[in-house]
Amino acid sequence: MKIAVCIKRVPDMDVRFRIAGDGATLDETGVKFDLNDFDAWAVEAALQLKEKAGQGEVVVISLGPVQAQETIRKTLSMGADRGIHLQADRIPFDGFAIATALAAELKEGGYDLILFGKLSPDSSNGITGPMVAELLGLPCVTAVSGLEIANGRGTAKRELEGAQEMMEFPLPAVLTIDEGLNTARYPSLKGIMAAKKKPLESKPAVLADPGVKIAKLDLPPDRTGGRIVGEGAAAVPELIRLLQTEAKVL
Amino acid sequence: MANIFAYAEARGGELRKVALETVTAARKLADSTGGEVHALLVGAPGIAAKAAQLAEHGADVVMVCEHDGFTHYNPEAAAALAADRIGSGGFRAALFATSAQGRDLAPRVAAKLGVGLVTDATSVDLDNDNLVVKHPINIGKVIATVVISGTPALASIRPNTYAPVSNPKAGRAETVAAVGDPAASRVVVKEMIEGSKGKLDLAEAPVIIAGGRGLKAAENFNIVEELAAAFGNAAVGATRAVTDDGWRPHSDQIGQTGRLVSPDLYIAVGISGAVQHLAGMRTSKTIVAINKDKDAPIFKVADYGIVGDVFEIVPALTAAVREARKGH
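Chains as they are written, first to last, in the numbering used here: chain L, 1 to 250; chain U, 1001 to 1328.
In isolation and in its complexed conformation, chain U is listed as follows (with noise of 0.2 Å):
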């Protein structure tokens, strides 16, 4: 019997969908021993609502610590809070998610128990006195089966992997302290921004619409929008060159120097396939390509391709999205 410890992000008093899917990982090992999860959910006052979710996904208990501290995210507090209940809690091992939060807080919190860490886990298994952990290291191109030894095991899972799996268990809710003054904090967010409300993250949208040069210019990423818009639950990504050249944000671009994401359907528009783009979203489930160019590469890691002029199959594949969705 081991216990896994599960860290529930939220941001902004709400929790992400990396939380459930933590959860959700973190209750497949625990069942695999026979174990219990115990999640921390840590937020302003009026985070403890949120526990219920969790336990609807698998936790046996719910840590909460709220605090006005952490109205925002706290890395300090946060990372001394998780290290405390972790090392205390006799867990075998102990998720996050493999978000921007999580990428930051995991590493402070293995340093601090003095452990190692893998990120990005697409799996977490527990074979005998280890953790064994799949990676994909060189941008997908190989996959890596780690090991760690020792307990506490750190892993944080890649977004996308563990879809959330409702599995309601007790979420016996205990309140913790925190560790230290939250509000002292050396490392402080002095101000978060958030983007337009309601638009689907790439990390948590099922669908992706990704463009490249081959939409010509900037504003022609419009036709890319529109047919976001059709599937209703999708999100607009760019490869390195779009961004580069300013026509889109970098927090918008897919690939090795920006984010890796794995929808269900992700769709490239006037993307030749660069292998830095391909190494972003080389996991998604189905990829379709549409492209002028039937030599492009993208071609080859695509399930469906359309040759062709962009400007003309897009709209079409947007009215006929529209028509398929009706109804939903």
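In isolation and in its complexed conformation, chain L is listed as follows (with noise of 0.2 Å):
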């Protein structure tokens, strides 16, 4: 089973973001970068079938600035075989320009899987892994919660509003991940120092004019908060009247 998992380094989320003097890009000092959480779950479902396959390869394949190397160099430390840095300076918004140049990497890949996360919380539009699969003309399911494969043949669940689908699809296949799907295991010491010794390949990415692109960038004004009805049971009666009255959604 050859595996490849398309992961993303994406900023902590906990930290009050600052705009750049363009306007239109994050101010990145001294913001601190991490493997995507939905990603964490790619590469570790594809551990997990390549352990339960008892053979294989996992190919970790990362587009962005010289950075992305350290990320993918966690997901080594994981377990992944080998890495793929397609070199950018910047990670570009459009998500068609990002699917392009990752599917003419994976094009002659000869992958039985390729796996993404299901989103990346930064960039927030979670579309590069089904355009990825119709660039290749793969079958796609996203959202996957659940998954079974055997036999060239994969069944995934997906959550929708207040429903689950089953799904069936024949490999080759894309896939994105979900959270519930397994936990990420975190890379051992051991794993840590063999990842060091792992191949990890660079080459430019080929990236094409994006038709989509961030013109400006806003800090939504903070919630004016902060107000206190009252304390305990006693507040019940004034919450209800201000939500008559005030909010009007009683």
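Do not take every clue at face value.
These stretches of chain L come out as covered by chain U in the derived footprint (C-beta under 8 Å, 3 or more residues) [stated by the list, open to error]:
hint, region
1, 12-19
2, 96-108
3, 114-126
4, 134-144
5, 155-162
6, 202-212
7, 237-250
Under 10 Å between C-beta atoms, here's a sample of chain L residues computed to sit facing chain U [stated by the list, open to error]:
hint, residue
8, Ala173
9, Lys216
10, Pro220
11, Thr224
12, Ala234
Keep in mind the hints are simulated off the structure, nothing from the lab. Backbone N, C-alpha and C fix where the C-beta goes; we use that ideal spot for every residue, glycine too.
Each chain sits in its own coordinate frame; assemble them with the hints.
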């Protein structure tokens, strides 16, 4: 089983973001980056599938600036076999431009499965995986939270609003991974040592001109919250009054 | 003049509320240029009966494709048909919903057309040659104004941002054939497991009552369920801590890795307000927080807060809401 996992480093969300001088990018000074959670679950899924098959290869691919190599290295320390870094000064916002560059790399790879995280919390589009599937003409299931692979076919569960779909698909296929499928392992010390010797190839990404661009960034106004109506059940009548007369939601 | 395409999402033979929201958003765009709204509705035979609702919300034309292969969501056949219609119809823009189905479908269609896509749009406007889209990034802490150059421009609308507006149009029905054989898709829905009937989903509920660790145990969610029942139009959500502990299913999780919701009223019960949770609900119109810790971060985003014991306050609130809603 040969599996590719496409990953992204994303900023720590637990900070107050600052907009850079150009008004259209974020000031990344002092911002910490790490592997996207959804991508970590995709890496874990790949490792488990390889372990279950008893053989195979897990190749981790990331497009972005040179720091992407650190993130790839982290997945190698989790157990992935090798990495491919597609160099780009910035990760474009246009998911189609990213998908086109990834598809060009993945095309001749002979992968049985290509995995993505469902979404990255920074650009918040969640479109690269299914776009790559279309560009490669492969079957695709998105937001997978349950997965079985056997005899060249797969069954996947996806969560809908108030329902679940059980999907069937043939391999090779592209899947995007949701929370709930697994818990990602931490790199062991042995894994970290081993990762240093694993191959990590770096080459320029082939990026077309984006048709989708960020023109401007704004920080949303802070919610003017912080109004304590009262303490205990005694405050309930006043809350009801405010919900009826002020917020008009009751 | 620019015509706008709207994908009218259906499931199990019924239109989703987001279908009406998508048509409403498309109507607004079309009206800004004097164009028409053409909606696409796919489903099992019988789905054509739902076209009238789309006309009622502003569709000039409803393209209907009925096929047994569309009994369940059929991603490959739906994408092939939508891409074909958008590509051949000369549309300026095409809108989808940022629902589970729309998140799956829209990028497939965009890639088939060889164009970009912006999801989770909180507004869409035409400005000369561009479609201008507001799109929250970094878990809603930053709002991006995104321009899509080129035609057609594809975007999907965040649920609950375009309230369905009645705006009756002709809704001329056009029967359209599937592209290829929908029964021959490689990816198939083998089974759809519906949640409890009549239970409102988080994406569609005007009121959400969410519970956190402050409820202390899974069984204590009954006070949250009862408050939701008192509203009658409420869904129940949870924090990641609670779903990770298995008190509630993952599908109930509101937050960065879970559901993004923006109901009219959000009541946070025993939720401290971690960044990961706030990411999923900060766009709610009115937020109420009930928590024993007066310094909990949730009170900073809440419009109204009550400090104290949730096991005392929530039942009292349930009784008061029941009283206030008498006659509804």
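Hints, verified against the model:
no. : hint    : verdict
1   : 12-19   : holds (count 5)
2   : 96-108  : holds (count 3)
3   : 114-126 : holds (count 6)
4   : 134-144 : holds (count 7)
5   : 155-162 : holds (count 6)
6   : 202-212 : holds (count 3)
7   : 237-250 : holds (count 9)
8   : Ala173  : holds (8 Å)
9   : Lys216  : holds (4 Å)
10  : Pro220  : holds (5 Å)
11  : Thr224  : holds (8 Å)
12  : Ala234  : holds (9 Å)
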